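Sequences listed follow chains A, B, C, D and E, in order.
The first sequence: position 191 = 191 (the numbering used here), numbered continuously.
The second sequence: position 15 = 15 (the numbering used here), numbered continuously.
The third sequence: position 26 = 26 (the numbering used here), numbered continuously.
The fourth sequence: position 91 = 91 (the numbering used here), numbered continuously.
The fifth sequence: position 49 = 49 (the numbering used here), numbered continuously.
Don't read these hints as lab results, they were simulated from the structure.
Just so you know, not all the hints are guaranteed correct.
[What the hints assert, rightly or not] Some chain D residues well away from chain A (every beta-carbon gap over 12 Å; in silico): (1) A108; (2) L112; (3) L125; (4) T129.
[Claimed, not checked] Quick list of in silico lysine-lysine cross-link-like pairs, DSSO-like style, CA-CA up to 27 Å: (5) K584/E with K102/B; (6) K4/B with K145/A; (7) K91/B with K169/D; (8) K100/B with K349/A.
These numbers come from a predicted model, not from an experiment.
Every residue, glycine too, gets a C-beta built ideally from N, C-alpha and C.
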Amino acid sequence: MKQEIGLLVVFLLVFLYDTFMPQRAGKALPVVSTVLLLLATAAGFCSHCLGTATSTEAFAGMYATSPVVCAIKSILNIGAVIVLLQSISWSGSDHMAVRRGEFYELLLVTLFGMYLMISARHFLLFVIGLECASLPLAAMVAFDKRHYESHEAAVKYILTAVFSSAVFMMGISFVYGLAGSLYFGNIYAALSAGTHSLMLTLAVAFVIAGMGFKLSLVPFHLWTADVYQGAPTSVTSYLSVISKGAAAFSFLVILAQVFGSLYSDVWEWMLYALIILTITVGNLFAIRQTNMKRFLAFSSISQAGYIMLGIEAFNTMGLTAMMYYILVYIFSNLAAFGVIGAIERASGKVDMTDYRGLSKTNPRLAFSMMLAMFSLAGIPPFAGFFSKFFIFTGAINQGSVAIYVLVLIALINTIISLYYYLLVVKAMYISADEPVVGTFRSSISERLGLWITVGGVMLLGIASCVYTWIFDLGEISPLAAYFV
Amino acid sequence: MEIKAIMLLVPALIMFCCGVYGFITRRNMIAILISLELMLNAVDINFAVFNRYLWPDAMEGMFFTLFAIAIAAAETALAIAIIINLYRSAKNIDVRDLNKLKY
Amino acid sequence: MFSNILIWFVVIPLLMLAGLALCRDIKQIRAVAVAGSIALVGLSVKLLVDYLAIRAAGNTDPMLFTGSWTWFAPLHINLAIGVDGISVAMILLSAIIVFAGSFASWTIPQPKAFFLWLILLSTGVFGFFISIDLFTMFMFYEVALIPMYLLIGVWGSGRKEYSAMKLTLMLMGGSAFLMLGLIGIYYHSAPAGQSLTWNILEIVRNNSISHGWQCFLFPMTFVGFGVLGAMFPFHTWSPDGHASAPTAVSMLHAGVLMKLGGYGCFRVAIYLMPHAANELAWIFLVLTGISVVYGAFSACVQTDLKYINAYSSVSHCGLVLFAILMLNTTAMTGAIMQMLSHGLMTALFFALIGMIYGRTHTRDIRAMGGLMKIMPYLSVCYVIAGMASLGLPGLSGFVAEMTIFVGSFQHADVFHRTFTIVACCSIVITAVYILRVVGKLLFGPVQDKHHLELTDATWWERLSTVTLILCVAAIGCFPNFFSNLIRFTFSPDIFAVLGMN
Amino acid sequence: MESVGSIILYTIVALAMVVFSVLAVTTRKILRAATYLLFTLFAAACVYFMLDYEFLGAVQIAVYAGGIVVLFVFSILLTTHPGRNSEPLASKSRVLGAVASVAMLLVAGYALVSRCALFVAKPALETPTMQQIGESMMSTSEGGYLLPFEAISVLLLACIIGGVVIARKR
Amino acid sequence: MDATLPILILAIPLGMFLVLGLAGCKMSHKLAGTLGCLGMGTTLVLAYYTAFTYFFSGSPEFVDAAGNRLQALIFNQTWLAFTDNLVIRLGFLLDPISAMMLVVITTISFMVHLYSMGYMRDHHGVYEHGFQRFYAFLSLFSFSMLGLVVATNIFQMYIFWELVGASSYLLIGFYYVKPSAVSASKKAFIVTRFADLGFLIGILILSYYTGTFNFTELTSAPVEGLAGVFQISESTAAGVKSVFESSATPVFMGASVLTWALVLIFMGGMGKSAMLPLHIWLPDAMEGPTPVSALIHAATMVVAGVYLVARLFPLYLMEVSALEFVTWVGALTALYAAIVACTQIDIKRVLAFSTISQIAFMMVSLGVARPEMHEGLGYMASMFHLFTHAMFKALLFLGAGALIHAIGSNDYTEMHGLRKYMPITHWTFLIGCLAIAGIIPFSGFFSKDEILSSCLGNSTVIYVWMSLVAGLTAFYMFRLYYLIFWWKEHKVHEGHHAPHDQPWTMSLPLIILAAISLVAGFIPFGKFVTWNGKSYDFMAHFDWSVAAVSLFVAVVAIAIATVMYRKENPLPEKMRAAMPGLWKWAHHRFYWDELYMFITHRIIFDGICRPIAWFDRHIIDGTMDAFATITNKASRAIKPLQSGQVQLYVWWYLLGALALGGITMLCLL
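Extracted from the complex, chain A is given alone in its bound form (with noise of 0.2 Å):
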């Protein structure tokens, strides 16, 4: 509860400052959210480490927390500074300077749905984190009412996502029907005891398809990459690693403290298939991109493929391979999404021709660029093999040949993924052609989130110490009772 405390703290107080504090000193918002975000996460993450923390549940069980739960929120307001301190000098820029404010209430606000969606064990107050995770992102994404495809991008998002919603909630009815209680225990419970009906295979079907849609799995995917292009590049870095990193922690509380006892019935081959229709499309699909986000967009979700893998092992090396995985994952893309961001601020370039050369002009950036892409292809020494070694480890650790297909097809898939994220290297250093950005000096904040971002690229995977850290707190997590 303290992080979801100190989180609104931090909403309340941003709010505050933005209401009553002079236009001059609306500059330094950005500076004092983050800051104030810093601090918040810090706290938290202290108030763990102190071993505070520990399994505890509250109003009835509608809500749990145990240091699982903490870490993977620490995971998260990590990312969430790392994109405020992005978003600095884009917030700082004119356009902004009447919705500034408003940019980070909105960003706190989902943030704060999302530790909702983690930390609910009723799915009224799953569902109400989860529309707070999502609806004022869609704010968040037309935020730059400059641009047309803000707008579109916009729509289509908030469009698919009452759709999805509806679905899903259509999903939670038949949960419901079947068992009579929003709890999860209690409907762990009663579908333990109970037979399956066809009924709930289709609950179960709405449920994934619902949170399919916030983790973008193929088919549920569709809005993600137009969105991710539309919306402005703070915006999309936050929603490519921090929405997505929690979709996928609280996807895992849903289906193993409400459906783990259907797991080799139901939902492990929906998800064995929904695994390879998304590393697969969203490859086929990264391969074509040259639009910078787009791209980012469709890696992004053949990356949420692997990190399903995680769960689909269901157990708890697959749920410290995963978070580890999205704690890594928010670093490499976040690197990513600095470079672009910085670019885009600098040129408004945001095509893969346009890199051209950008060795040249900017090497620092793009050497930046390229570790990223190395992480996120999985390439030693960088933080991204480790993360989809760990997880293709725990898939495998749930032994059955159908898994080991399932990885090499994974497997496969990564040379794919190799192929689209080394033409951006070919891109920067490779193509001969006359660069088309200049150099130019990108702002303190950007260089230091560049700088943090790529330590940890480097850092994350040959520091044994975090994923230890991770796997300690795993043995210990709750969710361990519900694996198979």
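Since the structure of chain A is already known, use the hints to place chains B, C, D and E on it.
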């Protein structure tokens, strides 16, 4: 004759399907929002029916419906804001003209 | 940790990277590269001496200089290192080729970035050879692969973008299979109830991979490494890749990187899954047997120097895998000798081709001729490399091939012996294509009058080639030294431990 | 056994729900669609009344019929030129829509029908009083909804902020 | 015997090669030449000393109490151990044939070194380009050839076998700017390499079944003190034979494994010794400098095949069918080469075909040798002929070299009537011709007579056949002789000096060799070289009737040649017109080269290599590229999915969800 749960669920389901149909076929974004309202409403009815017929002891379904109505209201408000915003910039709210972002 | 000599094989390249980062001009970069590579050569010689001393003292452990430091405790991943004769030989080879490669890229453009990637590549190579933990091994393996992309893409020539991409994707494709195989091995590395391990020695000791799983995991790992070892039909990255790569990269790639494949095939696929190896060897024998002859035949009609050499590499590396699959001491020893030999002579070849290309700006043998008159030093070196390649006694190729042929022919099975004879045929075809090139390129009248103005080798080029020639000759003249170094690993005791005949 | 009146009521309500929702999504005049939606929402409110959830029915009428539909009407007036019908639907999109909705109907309908437990009559129940509802809303024990209540207030606040910032001219 | 001197015999040429090869370009031509000659001279002395010690010292190392000559391992150093038994050793085996070969090689080599000092410079005394390189290669060749003959095991032999091949390659291609020389060197190497493949496989088979490479173990009893160490004992023969008979596949395609092994090993010999059908490289090899032809392609390297069979002779005895194969290959080659030699106009080619023919004589002689007949006379005869042939053929080649050097052409039509201008060359050349024709008392007479005797002992057919070839030999040699030195007056071209005899460095070797050819026949070879080490008096097997017949044949042949070619006359033209078909075929060497050209270019290159290269680029690589293409195609195919239409997005969404649920439902039903 008794009014069984299914007798209410099926009309609700039809309502939901109409919503789906409307979403997919209508071109006006407001009409699409209307279709979405149908779908959400169908879900609400479902909850209420399940609660009343199958699990009358607690009021979970009813409360869910209650909150869902609030959520639907919020969604609609925000969606309309966004649509109007788009209308201002594009002077058009035909959903099929939303095709700048594709492939 | 740093008291273990092996760690320094990774630390020195890392220090070189750090040093490079501080460099300001090309002189400093050269100084770092040369100092580092000399240090590596020195270190590997010291390792060799120490290794032999310990062995001479009667130590019969399978691995020496072992050390293990926990890395990812929950997954039982350790930084486990250790070497046996094969690894020592491979490390020596790598050090020499890195040394020669540094000199061969003396005047490369953008030297800083080039050496950065080159050294990263060698870090991977050394790390791979010292690792006995499957995870770290795999990690270093991939570390070694990826710099290839940029090295070829940025500094290459011709269809470099296509080639670089193809090479990277195909090798990574192999490593996809490999990764699955390794994880599979991990989960069967210990009997039920015991903690799992990635450590090769422990896996061998546990001997708990069931027969069925072996038959599944063996092809995975063998194909995975085999792609890098240019096994038919996964060799097609090799001609394109080599043709486009810059000199030092071709040297390192053909000289060292392709050896990772053969080494891995033995160290992982066969060493850990001997039963499956025994049972399934015939499939791969057919493939590698085809490689050997097929590569040689293909090389006969190529007109690009690098293509010729790349196909020749396919043939020679095919012989490595071929011999490894024979599963007997002599043939496997021969395989490692062939790895050494091919590494050195193919590096020499690529170095020379690079030097010739740097002067004539063409690699088409039809456009050149009579170079012997124009650049006698390089031409003589080329002839020597050619002679080594076609197996002239006194140079390394002969001893390696003969060890392989004799060893393979000791196999009790007629099938294996028949295939050995097929493989033997390659020595004739090799002679055909080598002499074809030598005849067209070096001998005969000068084709292009402009070539008459070209100069012979510079001192750094001489140093690079002389180093390699000396090594080739050393193996060729004193094979027993190397053979004994290697043979210990393949001693019958170890085959017995593995449960092989 | 239900009273004849309730059966008649049920028939009317069910028919209204189905007919008006079909009309809402098929009519070519957008304002009419909003009107049909209103009728459908009323029908839904009737269902809640039939289920003895009077509070819910009241909320439905107040929020949905009173709030949302008005919102719709305003936005329709803002965004459409009066008297202009929407263009006739392309047959392709009609087919797609029909396929999706029929598939949904079949699959979900089959899932519902196959569930025997749904063929039950309404058990007797006292209408939940406002006090019960209010207490549950503010309670933190099992069946209490304080937390969602607070959470949804944050959501609504966020939506207000979002709506404002989007709708603002600049 | 102390190992120092034998080691020096090998080490000096090797050292000379390294010194001249690495530092040659830094030293003057004269110094290089002198160094080379000195080195070879030293080697010559050492080799003579060693051979002398072996034959005459009577040390128990070399001769047992009964007077049988023994095989002595002077040293035997492990070089590469494959297994405990299969070990390549580098050693020095001294026995009658290796001692004899030491003498032959060093003699000829020294002569050639000396001769080249004069030959490898033009008329103005300017040394040829690459003179130092030439001496380096000569040293390399000498080293390799010496290593070959003293090999203690078959693998050592193979090693040096390859090395002589390589040095031969380098020397043939000495004039590397000449395309014909380049292609000749390539041809020589590849053809012999192909033959060596057979040799290698033979070694593999032999070593697989016997478990050893060592000659001593392969060919003699393991226990000393038996009747003769050199003699194959019954027990060993039985032992080796039993190995072959008990093995799993003793028979392959109708012949025993041992036969196959021996035939394959002989294939190596066929390549080096230019037996039919692997002979095609030798005539082309004449592109090399003439001293090289004398040394390598007449006297030493080309007899390596003979030496190989002789070395393994006891093994061959176990499989008579292999020996018969040797015989018939030899007989065919002899006749073929003799016929072709009659029609060539290039003097070096004539000599080359004559060499092929003479080596075939040696092969036949080995093939017909049987211990039960004249105590294996054929073996001795073969070695004897090897010795004498080396001398007179080197003489002939060096003489030809002198002619070529004087005239500047290989073609005898440019020569004619040179006897007055170059008397030394003329007389020495004549001695050579008489020797090869087998005229008493020249050396060739004796050795050839022994061969014919042993043929007669084996089969009359072979005897008649070989006698005919001997007659042809006399004919074509004298045809050559007359066409060079008689026929008509020499025409001195304007602006050229009249041809004259060469400096002493070239004449001296001619005279020495002529002297040897004159007297070598009287060496009692049977005392020194026999197949089992037992000496015998060679006159004991001297068959005067055979000698008379062969002498008669030779004289008749010479007479015919004299009639036809002594003076310019139309007879040769008439002969040619009388048998146009035969002449044409013989002149074109029976179209072997064209056949090989067809096989290599049309079948191997166009029929195998190119299709494979095409297959690799288009099918294998195409498959790999197809993965990429398919991926790209798939990517393009699913592009409409991302249509930008939000309604289609939800359509897919819903259908996806329903499919997910529906299919799982179906599965659960």
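Taking the hints in turn, this is what the structure says about them:
{"no.": "1", "hint": "A108", "result": "violated (6 Å)"}
{"no.": "2", "hint": "L112", "result": "violated (6 Å)"}
{"no.": "3", "hint": "L125", "result": "holds (14 Å)"}
{"no.": "4", "hint": "T129", "result": "holds (21 Å)"}
{"no.": "5", "hint": "K584/E with K102/B", "result": "violated (80 Å)"}
{"no.": "6", "hint": "K4/B with K145/A", "result": "violated (51 Å)"}
{"no.": "7", "hint": "K91/B with K169/D", "result": "holds (14 Å)"}
{"no.": "8", "hint": "K100/B with K349/A", "result": "holds (17 Å)"}
Hints 1, 2, 5, 6, counting from the list given before, are not met by this structure.
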